[in-house]
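Listed in order, the protein sequences are those of chains C and P. For the first sequence, our numbering gives the first residue as 1, with consecutive numbering after it. For the second sequence, our numbering gives the first residue as 1, with consecutive numbering after it.
Everything labelled a hint here was simulated from the structure, so no lab data went into it. Backbone N, C-alpha and C fix where the C-beta goes; we use that ideal spot for every residue, glycine too. Errors might be hidden in some of the hints.
[As the list claims (entries may be wrong)] With beta-carbon atoms standing in for the labels, derived distance ranges: (1) C/Glu-35 <-> P/Ala-360: 43 to 51 Å; (2) C/Asp-219 <-> P/Val-5: 53 to 61 Å; (3) P/Ala-361 <-> C/Gly-59: 29 to 37 Å; (4) P/Asp-219 <-> C/Leu-214: 29 to 37 Å; (5) P/Val-366 <-> C/Ala-289: 50 to 58 Å; (6) C/His-304 <-> P/Glu-365: 55 to 63 Å.
[Said to hold, decoys possible] Pulled from the structure, derived: some chain P residues nowhere near chain C, Cβ distances all over 12 Å: (7) Glu-27; (8) Pro-40; (9) Pro-91; (10) Gly-123; (11) Leu-214; (12) Ala-216; (13) Pro-279; (14) Leu-306; (15) Arg-331; (16) Gly-338; (17) Gly-339; (18) Glu-354.
These are the residues of each chain, in order.
Number of protein chains: 2
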Amino acid sequence: MDTLVAVYRLHVPAGDAPARAEAIALEQTVELPREAVTDPVVEAGYLGRVVGLEPGPDGATLARIAYPLPSFGDDPLLLLGVLFGNTSLQPDVELVDLEIPGAAARAFGGPRRGIAGLRELAGVPDRALTAAALKPMGLAPETLAGFAAAFARAGIDVIKDDQGLVDQEACRFEDRVRAVTRALERVADETGRKALYAPYLSGSPRELPARLELLAGLDVRAVMVSPMLAGAGLLHDLAREGRLAILAHPSWAGAARVAPALLLGRIFRLLGADASIFPHAGGRFAWTAATCRALADRLREPWHGLAPALPVPAGGMTLERIPELVRFYGRDVMLLVGGSLYLAGDRLEERAREFARAVAAASAEVSR
Amino acid sequence: MDTLVAVYRLHVPAGDAPARAEAIALEQTVELPREAVTDPVVEAGYLGRVVGLEPGPDGATLARIAYPLPSFGDDPLLLLGVLFGNTSLQPDVELVDLEIPGAAARAFGGPRRGIAGLRELAGVPDRALTAAALKPMGLAPETLAGFAAAFARAGIDVIKDDQGLVDQEACRFEDRVRAVTRALERVADETGRKALYAPYLSGSPRELPARLELLAGLDVRAVMVSPMLAGAGLLHDLAREGRLAILAHPSWAGAARVAPALLLGRIFRLLGADASIFPHAGGRFAWTAATCRALADRLREPWHGLAPALPVPAGGMTLERIPELVRFYGRDVMLLVGGSLYLAGDRLEERAREFARAVAAASAEVSR
């Protein structure tokens, strides 16, 4: 029986680790005491099994648990549930990695566009890409559309909604998407180059169909989604449908003890994110360079033939750090600068142009 | 402007707390430096404000941040995003509580049935309720339906799917729900009393409509959902629709840095859970009695006129602990015993009957 292998870090005395690992294997699949599992189909095809235990560098134990593929099939929510559903409630366990057979990975499908498809949509064949965010919540659609036009004239490649923009009174989803789309079309008529707009697609199962229909009608080609808020099923639905390029946002993704490189890197890629946004080291978030390196590796490394996904470092970046960022990630990256552009006030477009130029210049100096 | 107030525990030196709290207020709403926020509508109606800072018992600082109601409106995902979206990625912050004005709480609506409605559906006016789970994954629908019939004959009030049962090859959702429904109808014909069945409703936005239609067609009256996996929007949709009683499951809610009483108590109740399942102290999960007490309080205490929701302690309970549990929670509780019943093997029904009797006996000894 082919299995997925999940790797957990157990913060328990070494002598307790074997029993603790066995308890996780049961908890995450049958939720029964071992002696109550007697059916041969359940034992062979569903029950988790401990397949490795080794001391970790920090005194913790790394436990490898194999889950038979039928336990989750091709269901993204069940995959998450089997990996960490109940165990997320236990404070002595972290989920740090997973290994999945090629056929199962390809059944989930991964990014439908990936780096190459995003480059094609944005019209950027080789250099690092640029992204800016429309914000803040509370502004009117036309004001945000004005920012979008300024970014587009400045040569920014991708313009996305802030994740605080959904459907508030000051700025309804439909009004914003229509206004921004129109503004970007007008700029494209002037400049001959159209920025890629990624509205923030959130909502409940009852709200989503109307929002998706609106996007299709306006020929919007990309969205940003928060898989850990709206549900990983939305990410996977959109990837399977294949119409929209998908930027994954990490909102609420830090709430459980899961390695960022695994959740925002491997898992979001597996479920179809074409790009994954995360805080780069040294900004407002206390992430290390090693975490960001691992996350970018999980997004871009060869993996069962799935398309590579684009890392999108963000979180308090300033223009001054661009050469450092492009050296760190190489050209297959999208740099997202948010708040610091808005400090320029009336000089927003000028500051965005400096951003775009700095990224192009930094790209010329590194190999891809 | 009315506001929601969120309470965070900041693990930073006391001297850094004012700036850290201010940074959270910005991060969770405008995601901009303060000096870039100049629009009066944004300042008054959307921007978060620090309204209190006090030393906590553990050397941390408790920060109170007020979020104007328009920043999230009546959108459950935006509520979660504003409370903890990006901040969940920052390791020095915990979300511990929220206070919400009555009108805003009533706009979300809370439980549509609550304790009284669940008691009516289950036909249990006064004593503590009992629940058992169908498991494990990998068994055929008819086998699980046999367990359901045994539980029903034994007098168990609520029978729910394990959260590991979705739509796997061995047991498709439709086959399971049909088989269990039929089995419970047959038992009701014999005994005159019908157990309440709560299938596990999971799935992506594209999968859910067909599953919901099936449930409506079979006159299923309750479901279990995992808001932190399938999305809190599903919970809120189901509550607004009002057809189904809702048991919330804590899968992936192990929000190391969100207080369980807040997430599984207050927030799930606010969004419409009629009952909330959680691990009781002393079982397989390392939760304390104080955590469970606070959680039960948040579910049941008077709160802006919202219906109270039923606490459902679970997680490795044994029959021996029933008197203690009923004394701890009182009669407004549903005791969920899972795995330990299955250890009885062929004596499953007999063991379930002992469970039901023990709960009735324990209920008679405590005041409601």
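Each hint, compared with the structure:
1. C/Glu-35 <-> P/Ala-360: 43 to 51 Å: violated (29 Å)
2. C/Asp-219 <-> P/Val-5: 53 to 61 Å: violated (42 Å)
3. P/Ala-361 <-> C/Gly-59: 29 to 37 Å: The hinted range 29 to 37 Å is violated for P/Ala-361 and C/Gly-59, with Cβ atoms some 47 Å apart.
4. P/Asp-219 <-> C/Leu-214: 29 to 37 Å: About 35 Å separates the Cβ atoms of P/Asp-219 and C/Leu-214, which means 29 to 37 Å holds.
5. P/Val-366 <-> C/Ala-289: 50 to 58 Å: holds (57 Å)
6. C/His-304 <-> P/Glu-365: 55 to 63 Å: holds (59 Å)
7. Glu-27: Nearest chain C Cβ is 7 Å from P/Glu-27, so the label is violated.
8. Pro-40: violated (10 Å)
9. Pro-91: Contrary to the label, P/Pro-91 does not stay out of reach of chain C, its closest Cβ about 6 Å off (not over 12 Å).
10. Gly-123: Non-interface label on P/Gly-123 holds, nearest chain C Cβ at 27 Å vs cutoff 12 Å.
11. Leu-214: holds (15 Å)
12. Ala-216: holds (15 Å)
13. Pro-279: With a cut-off of 12 Å, P/Pro-279 comes too close to chain C, as the shortest Cβ separation is near 6 Å.
14. Leu-306: Non-interface label stands for P/Leu-306: nearest chain C Cβ at 19 Å, farther than 12 Å.
15. Arg-331: Label holds. Min Cβ-Cβ 26 Å, cutoff 12 Å.
16. Gly-338: For P/Gly-338, whose nearest Cβ neighbour in chain C is about 6 Å away, the distance does not exceed 12 Å, so it is violated.
17. Gly-339: violated (5 Å)
18. Glu-354: Nearest chain C Cβ is 17 Å from P/Glu-354, so the label holds.
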